[in-house]
Amino acid sequence: MAVWTQRSHSITYRWGVGVESLRQRCTGCGATLSRYNAQRQCAACGRGATAKVDATFWELPEVVAALQRWDLGAVVRFYRRHTGLSQAAVARLVSIDQAEVSRLENGKKAIRDRHQLRQWAVGLGIPDQLILALPTPSPDQSASGGGRTSSAALGLDDPATIAHQLSAITTVNVEPADLARLEQAVEALVSSYEASGPQALAPVGSQLRAALHDLLAGRQHPRQRQALYVLAARAAGLLGYMAVNAGRPASAKAYCAEAYQLAEAVQDVDLMAWVRGTQSLEAYYAGRYLEAYDLADAGVRLAPDNPQAIRLLVNGQARALGKINDRRGAERAVGRALALAERVGTPPGLTPCISFEPYGLARTLANATTVYLALGDAPKVLGYAEQIDHHVHEADSAWSRALVTLDVAASYLQRSKPEVERAMELGREALRSGETNPIRSVVQRAHELRSLAEPWSRLDAVAEYGTELAQWRAEKAAYIVEAMPSASAARIP
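Numbering (UniProt numbering), first residue to last: 1 to 493.
Hints are computed from structural coordinates only; laboratory data are not their basis. Glycine included, C-beta positions come from ideal geometry on N, C-alpha and C. No incorrect hints appear here.
Across the chosen pairs, the derived CB separations fall in these ranges: (1) 425 <-> 178: 50 to 56 Å; (2) 457 <-> 187: 43 to 49 Å; (3) 163 <-> 195: 50 to 56 Å; (4) 455 <-> 210: 48 to 54 Å; (5) 250 <-> 130: 53 to 59 Å; (6) 386 <-> 421: 17 to 23 Å; (7) 342 <-> 219: 43 to 49 Å.
Distance condition first, Cα-Cα at most 20 Å in a straight line; then the derived EDC-like pairs of lysine to aspartate or glutamate: (8) 253 <-> 270; (9) 417 <-> 454; (10) 52 <-> 105; (11) 52 <-> 62.
Using the sequences and the hints given, assemble the complete structure.
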């Protein structure tokens, strides 16, 4: 009769044979099962036996390609990589030995037909429609590998997989013709801006920007992606310029920040300088003259000999310095702008205000007119205005005509013998020439003229201009909702 003894939590025969040796082992991994486990598998093997992938796994290109070439070894490798299962766990799913899974993955075994594949399909959950759609395997696909080492056994990808992967990474969502059309759309915004204004074109620009963002979310070749970055930066920059003209400073800042970041990402120095000029313009019309100078100066330092520096010098630095009555600095900036314009050979006419092209000579001199108006130099204002009169009236730019006319009108009030009635007459002429889709600069300059005429407010001419200005502001420029700078900030020194 056997004698039993108790030792801690272990029960043994008197002659040392443990009860554990009589317990059942896991049918999966062979480990001894706990006395409390009534199942035939341990917990780990039990979880592994039920591990399955979802339907999206069988839609992966590499899995579909492996099935199409009857490379079940590759399918099993993908399956195990996706689920984290061991070869033994996969063997349990399919009810075969682990060695068979190993032979299949190493290319020493091949599945020859759909009947053989059915067992694997049930175990792994391969959809029936995929099995039915498989082509008949070629002789080399159904070979068992006897004596030959497969690409998979060497760790190499199958040629079909290589081709599929290359196709996946070189497939793009934009073609050269698409880029050409998008570039034309940007150019159309520039060319039609002064005739249509921000009210009509801001929605168009916004749609173009959204389309470019959608494309950038996809895949392109490096050069295509660079071109999309430039186009997206230009679209954002144009919207920033429109926001300045419409008196929406918060939107202008956000659009310009986006445009600068995109341009910087592809190191488009021309475009980066252009954006700095637009940021300077926003600060200038908000009365933040020192900030306007700093932004323009940052652009000049970025590209001192670039044609974009003409705009940065005369429209940014010089006008801001004129407003803070720094005559020496303003004149130096104007001189540098004119010298650079002569050196690079800009066109003589009045280039569009929103253009990405360098300032033409007439546009440069129109800005110089505003600089000398701020400095109170009426002879210089009238002299520059006379030089560009032909170009301004020949150009299809009602805003430019209005702005130059308003500068000339203000200069008549700064003369040693002010010509108030002539100034107010020119002011009313400017309102009429710029009455179609007026922009903030025209509105602000018109108010500055009325502010400058305040000492003669009792004169009928001044009162009539004030009345016409108020009516024009309400009827033609109501969409410009931002408050104008205070009279002290707007007043010309």
